[in-house]
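Q: Mind docking chain B on chain A? Use the hints.
If you read the sequences in order, they're chains A and B.
Note that the first sequence covers residues 1 to 509 in this note's numbering.
Note that the second sequence covers residues 510 to 633 in this note's numbering.
If you are wondering where the hints come from, they were derived from the structure by calculation, not from laboratory data.
Some hints here could point you the wrong way.
To be verified - No farther apart than 20 Å at their CA atoms in a straight line, the calculated lysine to any residue pairs in the SDA-like style are these:
hint	chain 1	residue 1	chain 2	residue 2
1	A	Lys372	A	Phe434
2	B	Lys623	A	Gly167
3	B	Lys626	A	Phe179
4	B	Lys629	A	Leu215
5	A	Lys118	B	Ala610
6	B	Lys542	A	Phe179
7	B	Lys542	B	Gly592
8	B	Lys629	A	Asp166
9	B	Lys623	A	Asp166
10	B	Lys626	A	Val168
11	A	Lys118	B	Arg618
12	B	Lys626	A	Gly167
13	B	Lys629	A	Leu245
14	B	Lys629	A	Phe434
15	B	Lys623	A	Phe179
16	B	Lys623	A	Leu245
17	B	Lys626	A	Ser465
18	B	Lys629	A	Gly165
19	B	Lys629	A	Leu307
20	B	Lys629	A	Lys372
21	A	Lys118	B	Arg617
22	B	Lys629	A	Lys118
23	B	Lys629	A	Met304
24	A	Lys118	B	Ile613
25	A	Lys447	A	Pro382
26	B	Lys623	A	Val168
27	A	Lys118	B	Met614
28	B	Lys629	A	Lys447
29	B	Lys626	A	Pro244
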Amino acid sequence: MSETVTNLWSIALLVIIPLLTAILVNFLFNKKRLIRCVSVASAVALLAITLISTYGYYWFTGVPAVDTSTFTFTFGAGTSAWRLALEYYFGPLQQILIAVLALVLVLVVLVASPNLTKNQGAYMAMIFLTFMSAAIIIMVNDFYHLWIGVELGSLVVAGIVVASGDGVSHRAALKYTFFSALSGAGLAVSLALILGLTGFSNISDSITFLHSHDLGGMATVLYVAFGFFALSWIYAGGLVPVHPLKSDVYGASFPHGTVMLQAQSKLSLVAMGIVMLRLFGTLPFTREVMIAVSVLTMMFGVVMALLQTDFRWILAYLIVSHSGLVTIGISLGTTEGLTGGLFQAVNDIIYMSVLLIAVEAVIYFGRGTSTKTAIGIAKKAPWLTAAVVLGAMAASGIPLFNGFQSEIILIRAALLVNLPEIAAVILLVSVTTFIAIFRGIYTLFFKPADPIVSEEGSAAVPKESPIPRWIYVALGILIAIALVIGVYPNIVLQFVTPIAELVSIPWYL
Amino acid sequence: MIEISLQLLAFIAAAALVIIGLAGLLLMDNLIKKIIAFTLLSDGVNLLLVAVGYVQGGVAAILEPGDSVTEFVNNAVLVFPVGIVLTNIVIGVSTTAILVALVIMLYRRHGTLKASKVLKEEKR
Chain A
1 MSETVTNLWS
11 IALLVIIPLL
21 TAILVNFLFN
31 KKRLIRCVSV
41 ASAVALLAIT
51 LISTYGYYWF
61 TGVPAVDTST
71 FTFTFGAGTS
81 AWRLALEYYF
91 GPLQQILIAV
101 LALVLVLVVL
111 VASPNLTKNQ
121 GAYMAMIFLT
131 FMSAAIIIMV
141 NDFYHLWIGV
151 ELGSLVVAGI
161 VVASGDGVSH
171 RAALKYTFFS
181 ALSGAGLAVS
191 LALILGLTGF
201 SNISDSITFL
211 HSHDLGGMAT
221 VLYVAFGFFA
231 LSWIYAGGLV
241 PVHPLKSDVY
251 GASFPHGTVM
261 LQAQSKLSLV
271 AMGIVMLRLF
281 GTLPFTREVM
291 IAVSVLTMMF
301 GVVMALLQTD
311 FRWILAYLIV
321 SHSGLVTIGI
331 SLGTTEGLTG
341 GLFQAVNDII
351 YMSVLLIAVE
361 AVIYFGRGTS
371 TKTAIGIAKK
381 APWLTAAVVL
391 GAMAASGIPL
401 FNGFQSEIIL
411 IRAALLVNLP
421 EIAAVILLVS
431 VTTFIAIFRG
441 IYTLFFKPAD
451 PIVSEEGSAA
461 VPKESPIPRW
471 IYVALGILIA
481 IALVIGVYPN
491 IVLQFVTPIA
501 ELVSIPWYL
Chain B
510 MIEISLQLLA
520 FIAAAALVII
530 GLAGLLLMDN
540 LIKKIIAFTL
550 LSDGVNLLLV
560 AVGYVQGGVA
570 AILEPGDSVT
580 EFVNNAVLVF
590 PVGIVLTNIV
600 IGVSTTAILV
610 ALVIMLYRRH
620 GTLKASKVLK
630 EEKR
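So here's chain A without its partners, still in its complex pose (with noise of 0.2 Å):
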């Protein structure tokens, strides 16, 4: 597809309309089925605006950039412009990852029961603005729209785990969002210190600002800019030291929402990753603090997965564990990492979100997701058994699935720049991921089910509700991808390739 210079309306769009739907099902309160309809609509919308969309930017006020050297406007990108709008950006890699993101979300809208919160409309009001944060953060080209993203997603993130009912859910909530001021605060902080550095608003006009200036004593301003950002995207992604943070959330709110807050996760995790590595990655220590961060963050998670006795929760340590292997590869800096990173984002949020969607088909038997009672699933429905091992074998990276081409990028990438013990990490992961994922799936879905005694000490019979059947064509559409991306890699590298080569920078060690 041609990139163009024109304002692009369609972008502004993947803004617009999630907004609107927010207001809109909002004001709907509690008209399940309208809700319903409203929300299906936007959601199919918004796919197909990212799948037809032109490439290039949206400037707000219509504003193009203004030519350094000659004072004139111009439509040109070139490295003498300064551009005085905010500005988004839409390519390749914006498109594949939206494209991801508006599919989960078409399908968390379908799955969503209506009957799990008090206020319906409010609850997928936060839904589709957990969308447009992502959205936000992914397109931006400006310091302010960066932030502002952030900071809505902290918020939104807060609001579903709050919907999602209990006194877990609140504590999780309540701590994230003061970590969220401390984090929001910090990313302020750097940027403000980075404007102050160049003077420009602009993340491009910035990063040409200071490779082609020499900073001398005010160096250590970038340091300290550099140290505040990192934070802001250690505490987005829930990376470690803040991993038991994310995990709570991760592990308090309803499957679905998880679903969503993953996917706008590691939406943030790229973006803000990709803005570090162009704004400080030539600074020294800045990858090798990356790359500790990330491995750190890949080996926590899984031990911490491991101990859980809660399918839930196994997956909350999980996706916080993949987000290191994401990481990882845009930490390398190099282009072999930077794709395997961006790859494994798109194949993280699809895996990740057939896992979840089966535990939520696991909340419909009524006995809960505790790997400590059996509930004989296998028998009672193959087919979602078939999805879940599946799903699983994804996120193990077997080959022919999604999961295991990203990985053995990330493999070949680590061994490139003559880092095989990261190699062996990632190698560890997942088949640590199999260890964890299959010991819950054994006893919650293959074991003979245990009998269920009520407090009177007689057999009581659990309280089943029959599956929705968009689960399980949401969990067939994920498993076809999956599949169709693990055979025919090229399909998802096509669109990240470019951009990994654009912004790779050659390993120096």
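A: Okay, now just chain B, sitting in the frame of chain A:
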């Protein structure tokens, strides 16, 4: 005699507010006091941003048709801090509202505002 500029004073005040806010947020056990500390931290960041964007004798960053672009580039104040401070105030209010609502819910459940008690009673 050391001349202290308005900008430097603002930086010092901002640093003081951030440090006090951060200390309160991390060290206070009372959830309401933590929220107050958060607002101080947020105000400190706002003040820092205002100080960064301050240009003595600057003009508003609004480019009208017919204006000289050269003059605009040389004299316009930075728009980013103004925008981010206004937005930060709105986001700060929203965050405070969410925090207060959550604290009320947790107080009703636990009967205390002590973070050490409320946040540690997690069993799963």
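Q: Run every hint past the structure and note whether it holds.
A: We went through each hint and held it up to the structure:
A C-alpha spacing of about 19 Å is found between A:Lys372 and A:Phe434, which places the hinted pair at or below 20 Å, so the restraint holds. The suggested pairing of B:Lys623 with A:Gly167 holds, with an alpha-carbon distance near 15 Å, which does not exceed 20 Å. For the proposed pair B:Lys626 and A:Phe179, the alpha carbon gap of about 18 Å is at most 20 Å, so the pair holds. The suggested pairing of B:Lys629 with A:Leu215 is violated, with an alpha-carbon distance near 46 Å, which exceeds 20 Å.
In summary, the hint linking A:Lys118 to B:Ala610 is supported, as the alpha carbons are separated by about 16 Å, within the 20 Å threshold. A C-alpha spacing of about 15 Å is found between B:Lys542 and A:Phe179, which places the hinted pair at or below 20 Å, so the restraint holds. Restraint check for B:Lys542 and B:Gly592: the C-alpha separation of about 28 Å exceeds 20 Å, so the hint is violated. A C-alpha spacing of about 15 Å is found between B:Lys629 and A:Asp166, which places the hinted pair at or below 20 Å, so the restraint holds.
Straight-line distance between C-alpha atoms of B:Lys623 and A:Asp166 comes to about 19 Å, which keeps the hinted pair within the 20 Å bound. Our distance criterion of 20 Å between C-alpha atoms is met by B:Lys626 and A:Val168, whose separation comes to about 13 Å. Taking the CA atoms of A:Lys118 and B:Arg618, the gap is near 19 Å; set against the 20 Å cutoff, the hint holds. About 13 Å separates the Cα atoms of B:Lys626 and A:Gly167, which keeps this hinted pair within 20 Å; it holds.
Taken as a hint, the B:Lys629 and A:Leu245 pair is honoured in the structure, with Cα atoms around 13 Å apart against an allowance of 20 Å. Restraint check: the Cα-Cα separation between B:Lys629 and A:Phe434 comes to about 31 Å, which exceeds 20 Å; the hinted pair is violated. Distance hint between B:Lys623 and A:Phe179 is fulfilled; the C-alpha atoms sit about 17 Å from each other, no more than 20 Å. Between the alpha carbons of B:Lys623 and A:Leu245 the distance comes to roughly 19 Å, so the proposed pair stays at or under 20 Å and holds.
Distance restraint check for B:Lys626 and A:Ser465: the Cα-Cα separation of roughly 37 Å exceeds the 20 Å cut-off, and the hinted pair is therefore not satisfied. Under the criterion of a C-alpha separation no larger than 20 Å, the hint pairing B:Lys629 with A:Gly165 is consistent with the structure, at around 18 Å. Straight-line distance between C-alpha atoms of B:Lys629 and A:Leu307 comes to about 19 Å, which keeps the hinted pair within the 20 Å bound. Of the pairs offered as hints, the one joining B:Lys629 and A:Lys372 is violated, with about 23 Å between alpha carbons and a cut-off of 20 Å exceeded.
A threshold of 20 Å between alpha carbons decides the hint, and for A:Lys118 with B:Arg617 the separation of about 19 Å falls inside it, so the pair holds. Pair hint B:Lys629 plus A:Lys118 does not hold up; C-alpha atoms about 27 Å apart against a cutoff of 20 Å. For the suggested pair B:Lys629 and A:Met304, the alpha carbons sit about 18 Å apart, so the restraint of at most 20 Å is met. For the proposed pair A:Lys118 and B:Ile613, the alpha carbon gap of about 18 Å is at most 20 Å, so the pair holds.
Only pairs whose Cα atoms come within 20 Å are accepted, and A:Lys447 paired with A:Pro382 is accepted, the gap being roughly 13 Å. With a C-alpha separation of about 16 Å, the suggested pair B:Lys623 and A:Val168 falls inside the 20 Å cut-off, and the hint holds. This hinted pair checks out: A:Lys118 and B:Met614 have alpha carbons roughly 16 Å apart, not beyond 20 Å. At most 20 Å may separate the alpha-carbon atoms for a hinted pair to count; B:Lys629 and A:Lys447 exceed this at roughly 34 Å.
Distance hint between B:Lys626 and A:Pro244 is fulfilled; the C-alpha atoms sit about 18 Å from each other, no more than 20 Å.
Checked against the numbered hints above, the structure violates hints 4, 7, 14, 17, 20, 22, 28; every other hint is satisfied.
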